[in-house]
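Undergrad: Spelled out from the first residue to the last, the chains are:
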Amino acid sequence: MKQQYGLRIIRMIALAGLVGFMGAAYTYGQFSQDKKADVEINSKAMPKDIQPAYHEFMEKCSECHEVESSLKLNMESSQWQSEVKRMEAMASSQFNDDQAKSILKFLNYDEALRAFKQKPTSDVTSSDSVMIGRQLYSAQGCDACHSIEGKGGSMGSLDGVGTRLSHEQLVHRLVVPSAGSVMPALPADTSEVQIGNLVDYLLTLKGH
Amino acid sequence: MKSTMRFLNGFMFVIACIFLFSPVPAKAVPQFARRYNLKCSACHTIAPVLNEQGYMFKRLGFHLPPALEKTLAAPSLLQLVEKEPQWSLTNNAALAVADFSFSAERVTQDGTTPSSTSAFQVAAWNAYFGGWIPYTNFFYYSEFDITTGGVTNPQLMNANFGYAGGNAKSSWYVDGGREHLQVAEGTRAAEVYSLLPSSPLLYETTSPTTFVFDQSPVGIDAGYTWASSNYKHVFAATAKVTNGDNVDGSEILGPSARNSKDVWLDVDYWYAPESGVTFVDYYGKKDNLQTDPLGNQFTFSPHIRRQGVFANYKLLSKVDLLGGYMHSDDDWQVVQGGVLSSFIANNYYGAVDYYIVQGLAVSGRFDRLNQKITGPSSVGLQNTHDWTVGVSKTFTPSGNVVGRLAYSDLAGRDPVTAVGNTDKQFQADVAFNF
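Keeping their order, the protein sequence lines are chains C and P. Sequential numbering of the first sequence, starting at 1, is according to our numbering. Sequential numbering of the second sequence, starting at 1, is according to our numbering.
Derived by calculation from the structure, the hints in this document are not laboratory data. Computed from a predicted structure; not experimentally measured. Be a bit skeptical, because a hint or two may be false.
Stated by the list, open to error - Just some of the chain C residues that point at chain P, by a computed CB distance under 8 Å:
1. Arg8
2. Glu63
3. Glu66
4. Gln79
5. Gln81
6. Lys85
7. Glu88
8. Ala89
9. Met90
10. Gln94
11. Ser181
A virtual CB, placed ideally from N, CA and C, is assigned to each residue, including glycine.
All chains should be built: construct the whole structure from the sequences, respecting the hints.
TA: As structure tokens, then:
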């Protein structure tokens, strides 16, 4: 009786192994041909106002999509906007207009960050640097506190900052925020080149 | 002691299976999900329970329901067909949809010695072929069962072929072949599949006749579906005419001398997100093998009727409240040529599924079945009730490996003999959907 029981277990394990092997082999061929770009997301390094948007994105979008397939590269903000609107109109989508805005906010942030990371440093020209700096400004959520031409937060206007502060002063303020300042430090993985891009952008703000 | 050891051994084996198979690195999903590079949870809350999108997918002839934006015209099904990815075997076939289970059960019956059993088994190993004929609105679906309930007995359970037309807002289909009783499974509360291992009692109970509601007959059916913008409201109706059952309750799959047919009607209303109501109606007449009190067998032809209404309401995308009621009214004959009696049953259930996070849910259900026989051979009201609790968990990001633990406690009395019985069952299973 015991022997029969043991044989039964062995047969079960063998059968389970066979099914598992067949399934893995069968699906590997399908998906290995469609390799997605590596997607690294460090939610802790995200600006605080982006984090809720990120969680909204993860909760709603990952219901149907893998992160690798939903975070496509090179989508303009307007394209993401229509894509999110389209998703909202799908069956079983469980998000409303406010949640759609939040998801869009994260996607724009992620897109800007990804675009920057993709750009080879050697190809960066002065105007590219300013453009990347502008994207980083949005991506890092600087506009949650600061305003430019009346748009953004109320903690301080950056209009004319390019006239008031020098390149070195701006670098210093970004890297070593003033004592008592509520301004958060830049994420730990921010490179010198990225800081340079931000400064290049801030230096273009010559207005009042 | 021995049974305790067997139980523990079984539990260890199930845990070992979970650890053995859960770290599958492949983003493996069955063919429909593979076709669109989506997770299983795009169409299931937790497989195999369908959500509204999965329901619509079936009704559109196995095409992903498109976005229905207020300002844009709904695409025709032909347009959906043109946008389908290239046909391939991998996005039309799933070869290894398997469920490995351990169950321990204790059964008692008045006047007999209680019995306990336990079993490891391949509860199911099925292969599915389903998809669309490229560049056409024709679709097909078949299920080939290799192993069922631990017994290897290859058989074709479903094989049907159909055509879908119209557009994503207003569509129709016709279909023929052998297919499961619920063409589109109804709304959530009416689905035969739930997060728990068993269906509501009257779906599975054979009643004094050998008829069981959960079956896969051969027949033809037609359905119409209407959806509003954003799928806020979906209304669907289906009518089906099928062969009936043989005297032993098995489906009539080949030529038959019987000339009666079974008629099924299903009306569904979905209210986004994920709430709905379903009305089900069935009428049929079948030959039924009967044994009289002296032990003589004879055949009679009872009329069989079922009406059911089911509803669910999903709160905050987390808590799904489900309930259902089904009524049956079947002819019943005790002796050959005797006066017909009626077998009446009323089944109602209430259930709660709480989705703690995506891919993890706990469930509970109370199910009660009241049965009686009226007329000359009447038997007073007998009832059966069943408590079931369970937890379901997906083990891969795509949701294609699902583990489940469930315990049910059933107690009741047989409607004909009025003999009391109980059935306590623990079940652990891991389902692989490749």
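Undergrad: For which of the previously enumerated hints does the structure constitute a violation, in increasing order of number?
TA: 4, 5 and 11
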